[in-house]
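Please dock the two separately framed chains into a single complex, following the hints provided.
Listed below, chain by chain, are the residues.
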Amino acid sequence: MRCDHLEPLIEAIADGSYQPGAADAQHLAACGVCAARLADARAIDGLLAMREVAVPPPAFTATVMARLGQERWKTERVIDLGFNLAIAAGILVILAGGAGLAWSLGLVRVSIDLQAIWEALGSFDVTSRFLSQVQTIAMASALLTMALVLWWWAETAAD
Amino acid sequence: MTGTSEHELVERCRQGDEAAFRELVDQYKGLVFAVIARSITNRARAEELAQDVFLKVHKGLPYFRGESRLSTWIFRIIVNALSQERPDLATTSLDETDDGRPRLEPAADDRAFADLVMKDRLQKAIEQLPVPYQVLINGHYLKGLRYEDLAEALEMPLGTVKTHLHRAKRRLRHLLETEFR
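Chains A and B, in that order, give the protein sequences.
Using numbering that gives the first Met the number 0, you'd call the opening residue of the first sequence number 0 and step up by one each time.
Using numbering that gives the first Met the number 0, you'd call the opening residue of the second sequence number 0 and step up by one each time.
In isolation and in its complexed conformation, chain B is listed as follows (with noise of 0.2 angstroms):
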């Protein structure tokens, strides 16, 4: 969405036009499910997360001044979301460090087992690390959102984004090979 065009929404939503706000979720709604599906594994409960937030975007965008993109914005929205589902993983420290050192042995002979094995230990691997951790994996890898777009909604330099994901992604290979072997 072009930068015109989505100020353009924005401004119909403020003025209260219904269609406008229809158009913004239909336009963000992959997104959004997206990512809170991969942190919250009940479905129905993914789905009611991701209503709230767009009912909390509708009662914010009267604030919503423009100084960051929509997404990035609403990418937030999602970050405070699942720190309030998850208020134990919500608050760990970033810098946290972890030195496990075995190393990860295939789940099973047959590949595809394996690999559906290791798909459930990787999804519960990713429900232990801290929220933010959490959405940089999950936002990373889903199309559409860019490094600029995490760093502003979790209000991290850009350097720093790379560096957590690293850390991110070292420390799911921590918890693979130690917690979730």
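Chain A extracted, bound-state conformation (with noise of 0.2 angstroms):
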């Protein structure tokens, strides 16, 4: 009966953290099973204060620093990417705008013939059809802008 209640207090006795009291001491001296246990609790608590401790190889800090270095240089990948493709975006809506806008002013009809242009300019209806592409225009410059802001806060971010 006294094994059951010594039993899970092996390992506590055997580190020293709970003292065993007269009756259990008693009976630890006596008993061939709990005196077995914690023999052997002893023994497993000097061997893993025992145990070697591992030591990091003397590259360990520069290959840290060096991956360190890669999953940066993965990220600015990623931050030009999408740069690259805002710019490639913008420069495609402004072709977008300027072609629209040539077309409602009827400047690509009229691109081969320069009396026509002059004329175009010169009319009071060109203001309107500007302001119609204004929006088409509006967003690409947005979009240009912002992939400007982007790459000035890329570059900064890098230094």
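If you're looking for bench data, these hints aren't it; they were derived computationally from the structure.
Only a predicted model underlies this, so the values are computations on that prediction, with no experimental measurement involved.
Taking beta-carbon pairs under 7 angstroms as the criterion, some of the chain A residues facing chain B (in silico):
{"no.": "1", "residue": "Asp39"}
{"no.": "2", "residue": "Ile43"}
{"no.": "3", "residue": "Leu46"}
{"no.": "4", "residue": "Arg66"}
Just so you know, even glycine gets a beta-carbon here, dropped at the ideal spot from N, CA and C.
What follows is the structure in structure tokens.
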């Protein structure tokens, strides 16, 4: 009965964090099973304390720093890709806006007719036609500005 | 490391000071590697995992609020890394008990050889413990880690850490008595 009572306490007795009372001590001295358990627990405790401490290789810090550099490089690549895509999208929208404007002004057809271009630019109708494309041009400008800000930020962060 | 210098080091790391992070790695690599190498016997994998821990530390530093010691926070990252490495042992309840009865027999008459065999059995038995128990055992017997650090890292009350440490060693004894005889 006392064996069952002592069994969960064996480790605490072995490492000295629990002091057995007189009756427990008497039982430990007399009972072969409990004494053997205590000896095992002490042996395990001793072995755990004596375990070798693994030492990292000399180049460990350098390897961590190199991996950190690689991680940063990957992040920068993603930012660069985003920037390039934004620039490309901005240019595309500007081109599309310009083409739309030229189309609405009839400049596409007139491009081979300088007289018509002059007339078109000179007419009062240009402003209203230009205004109809303002949304597209504003969006393109915003995209381009965003791309430039992103580029500036990426460059600053890299420094 | 004192609280102030630790705080300064963290602040410098946060500001992107590479030399500061190098200093941090130098400061804690011994502890990180020792704890991981005690759970992961493959040295190359242990090294890789220890590096991963520092990458996570670097990534997480902006979010480190300094409410616990840096070592405790790093230790928590180690526990998570080991749990991901050994998911089969990560979620095992710490309250499970086993009742193995046979006692540990000496492995051989030759004392030195017996010690070697015993160390090998001990290592194998430790690897069978749930990750939190492994971390408790491995961390407790390393210099520099206090009961308080273990308690914070494992999010347990101090008294519970001591209880679990005894349970971990008890389970270890039972494993050595039964599966690793």
